[in-house]
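> Listed here are the chains, written in short residue letters.
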Amino acid sequence: MTEISDKIIKDIKEKNIHPKPRWFFAARNLTFWILFVAAIFVGALSFAVILDVLTNHDWDIYLRLHKTFGQYILLSLPYLWIVCLIFFAWIAYYDFVHIKGWYHHSVYLIVSISILTSLLLGGLFFYSGVGKKIDHALDARIPFYGMININKRKIWCQPKEGLLGGEIMRIEKERPERIIIKDCKGQEWEIMRPASPPIPFIIGERIKMIGREIEQHKFNAEEFRNW
Amino acid sequence: MKNKKNKELNKVTEKTTDEELVAKTLKNPDAYALIVERYEEKLLRYIMRILAGTKEDAEDILQDVFLSAYKNLNDFDQDLKFSSWIYRIAHNKVVSHFRKVTARPKTMTYEGDSQLLNILASEEDIAKSMEKRHDAARVRDIIDNLDEKYREVLVLKFLEEKDYKEISDILEKPMGTVATLINRAKKQFKEKVEAKQKIKKG
Chain A
9 MTEISDKIIK DIKEKNIHPK PRWFFAARNL TFWILFVAAI FVGALSFAVI
59 LDVLTNHDWD IYLRLHKTFG QYILLSLPYL WIVCLIFFAW IAYYDFVHIK
109 GWYHHSVYLI VSISILTSLL LGGLFFYSGV GKKIDHALDA RIPFYGMINI
159 NKRKIWCQPK EGLLGGEIMR IEKERPERII IKDCKGQEWE IMRPASPPIP
209 FIIGERIKMI GREIEQHKFN AEEFRNW
Chain Y
163 MKNKKNKELN KVTEKTTDEE LVAKTLKNPD AYALIVERYE EKLLRYIMRI
213 LAGTKEDAED ILQDVFLSAY KNLNDFDQDL KFSSWIYRIA HNKVVSHFRK
263 VTARPKTMTY EGDSQLLNIL ASEEDIAKSM EKRHDAARVR DIIDNLDEKY
313 REVLVLKFLE EKDYKEISDI LEKPMGTVAT LINRAKKQFK EKVEAKQKIK
363 KG
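If you read the protein sequences in the order shown, they are chains A and Y. For the first sequence, the residue numbers in the working numbering are 9 to 235. For the second sequence, the residue numbers in the working numbering are 163 to 364.
A hint or two may mislead.
[Said to hold, decoys possible] With a cut-off of at most 27 Å between alpha-carbon atoms, the simulated BS3-like pairs for lysine-lysine come out as follows:
#1 Y:K311 x A:K108
#2 Y:K360 x Y:K349
#3 A:K18 x Y:K189
#4 Y:K204 x A:K18
#5 A:K28 x Y:K233
#6 A:K141 x A:K190
These are calculated hints, taken from the structure and not from any lab test.
Model the full structure from these sequences, guided by the hints.
Laid out in structure tokens, this is it:
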């Protein structure tokens, strides 16, 4: 025995060191595979919400906000979800480079394929309405979600510019021409509405309106849109 | 029982493969001494060639490499050569060491390093523009001034005499990337040699 081998064997015996079991490495590798697939899946959900936000955005109102279309695009992008998509693409990359034998494949190819898979899967989720459900569910259940997606609320909280949005509080049977909503600042508004609105009004639902402010906390709605 | 195990170890010859020794080690830790003896000189030389540190640092890393390899023996992938696997552990330990130390002292001269210049000279036909006989210290100096990613790949290819597949397995990079790195490393090495020549003549 050489000096080093002698010391190593002594260390192994004195410190009672044992090789880690085979299942430990198999489980670790499997975990990275699962996280890799999960990251692609969550990336797809993020992309579905991005598509939903962008396709349901009110692209026609930028002139009311006195902005150019370019400025309006920058104001409207769903940054939270874009960051999520990039973050999970990075997580997928991180997991992939920890999978045994990963380097036999081109990392650029794998990252491109995983991003493409996220986008295609995200497209499918969007068409099946999953993106909308996630956006609505988070908006309804997580208080700070709305604050992160502050742009939409900000845009629809400008009654002086003819843009008002909020939650329907009351619909009075005696006065069907008006409804009461609560805006983003928590203030109640009396909304004068046309006789036959294009969307159904449900108490607790949120709506967006284009029209004009008649007097304080009184708004004449010319157009209604789903939130 | 112990005698039986020791008899098994006595049967080990030079022809016993590394993979067979790994299997024996998993049954009897004493067999690991044979793996250590096979690799201690090669790995110490490799670590010294790529390490930014002292000989004592290199020896500490070597011990760490062997202990880490022992703990992870069940992770040894039979698709690889055992030597590639244990060189990879050494590479990773040296990289961790680089992260710990910010200053980069001169690396150590190792006997035989001077051959690198001659190997590259014959490959690149740069012999015409420079003296062929350089001492190990000067070659070491040139190697030290290479980018880190180039230095290691040159050491593995020309001093450790590893093939592309082995380098790919050690550095965990695709073979195409290894080929590109080697070409760029040779180019940078040649440029450094020529720059030294100019300074010497001027």
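> So which of the earlier hints does this model not fit?
Violated hints: none at all, because every hint is consistent with the structure.
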